[in-house]
Each structure stands twice: as structure tokens, then as C-alpha cells.
Amino acid sequence: MDDHPIVTDGLARLIDNEAGLKVCGTAMDVETAREAIIKERPDVAVLDLAMGKDSGLELAADLRHVAPDVKLLLLSMYDEQVYAERALQIGALGYIMKEEAADRIIDAIRRVADGKVVLSERMTDFLLHRAAHNGRKSQAPSIEQLSDRELETLRLTGMGRTSREIAEQLHLSIKTVDNYKERIKRKLELRNAQELARYAFEFASNRSTDKT
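Under this note's numbering, think of the first position of the sequence shown as 1, with each following residue one higher.
Worth flagging that the hints you see were computed from the coordinates, not collected in a lab. Quick reminder that beta carbons are idealized off the backbone N, C-alpha and C, glycines included. Worth double-checking, as some hints may not be accurate.
[What the hints assert, rightly or not] 25 Å max Cα-Cα, derived DSS-like pairs, lysine-lysine: (1) Lys39 <-> Lys22; (2) Lys22 <-> Lys98; (3) Lys116 <-> Lys98; (4) Lys187 <-> Lys175; (5) Lys175 <-> Lys185; (6) Lys22 <-> Lys116.
[Unchecked claim] Pairwise CB distance ranges (calculated): (7) Glu85 <-> Arg198: 22 to 30 Å; (8) Asn179 <-> Asp103: 42 to 50 Å; (9) Glu85 <-> Glu182: 34 to 42 Å; (10) Met159 <-> Asp69: 33 to 41 Å; (11) Ser142 <-> Ala12: 33 to 41 Å; (12) Arg164 <-> Asn17: 42 to 50 Å; (13) Ala101 <-> Ile174: 40 to 48 Å; (14) Glu182 <-> Ser205: 36 to 44 Å; (15) Leu21 <-> Asp178: 44 to 52 Å; (16) Gln89 <-> Thr176: 21 to 29 Å.
Turn these sequences into a full structure, and let the hints steer you where they fit.
In C-alpha cells:
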């Protein structure tokens, strides 16, 4: 599932050319994807993290309840250090960046189909390092405090979207979006809208450009 036809078609051809793999269907929006997955019950559903106005994370969380037998792999352009752990927490087995080589993506699909967790070496090291130092409490406010909606609001703010535009994209009221911004400022100890805008811009820039 991806909201870009070129990506969807290219990935479908890639999978169909692999022995033992077959595409059950494709979709370019969350609702179509949800219906198709419930109906077809594929072994693995490959979901894009950001689906235009909708969130692949929210779809993944929903699928854990309505199609718990379907294994989930999230494909994204956004840096995994923020989103991969959230994907695992809601029940996905893997998270892979879109710029990965074709054979890496195919390997990820096969591993998820076998019930294995798929993360990059960097993300695995990050989680292990944090677990090893779990007793040490950081004094700096952490972005991990943010809910999924707050995180998405922060990302869209960093992309220059207004509260009205964010509300339309996330199907929320403007008041709700403004409340999310207030929570973000409180949790991250940002004093005003200017500090929020600067932090959000740096966050969005890092998520889309950090490919290491």
C-alpha cells in the first residue's frame, strides 16, 4: 500500500518476479487497503507509513484487531529511529526505508512472512544500547513522550503546514490541532510558538534527510 502509483506498481512487479511470492492486491489509500487486507488475508501486508491524509501506523494498529493473522511490514521514507519502535509497539514485525535495495526489501518481506522481526542494524543497535542503559534517566525532554498524533502534528508543522491544513489532513478540528501543539510545547519544554516552529522544522528536516 502506497499513495504513489509508481511506487505501488514498481513494488508489485518486484514481488511478483520473486519465486514463492505473489501480490494479492494493491491500494493507494487506507480505506481501500483495509478492505482488501480483510478480504484477501495476505501472509504479509506492506504498508506505507504516510498515506496522504492518513497514517499507515493507524491502519497497522487497526489491522491488529480486525486481521490479527496478517503480518505487517512498514515501508517509509522517514527515519526509523522515531517511527520503527512505534511500529513494533502496535504489532508490526518490520520497518524498512524506501531507499533500501530491492533485494533488501524482498528479504524483509520473506523474513516477516516467517514471523521474524526486521530492523536495520543501526536500529537494532539503538534499541539494544537503550535497553542496556535503561536505568539511566535522561534529563532532556524526549520526543518519545509524544503520542502518535502529536508526533504527526509536529512533523506536519515542520513541513510548514498551518493548523487548518493539519486539521484537514488528519481529519481533526483546528482546536484539537492547537491543543496538540500546546501539549508538544509542554512535553518538550518549548516556551512559545517560535521555538515550536524551529524545533518542528529541524525534526522534519532530520526525518527526511537522515539516510545513514
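Q: Would you pick out the hints that fail for this structure and give their numbers low to high?
A: 9, 14
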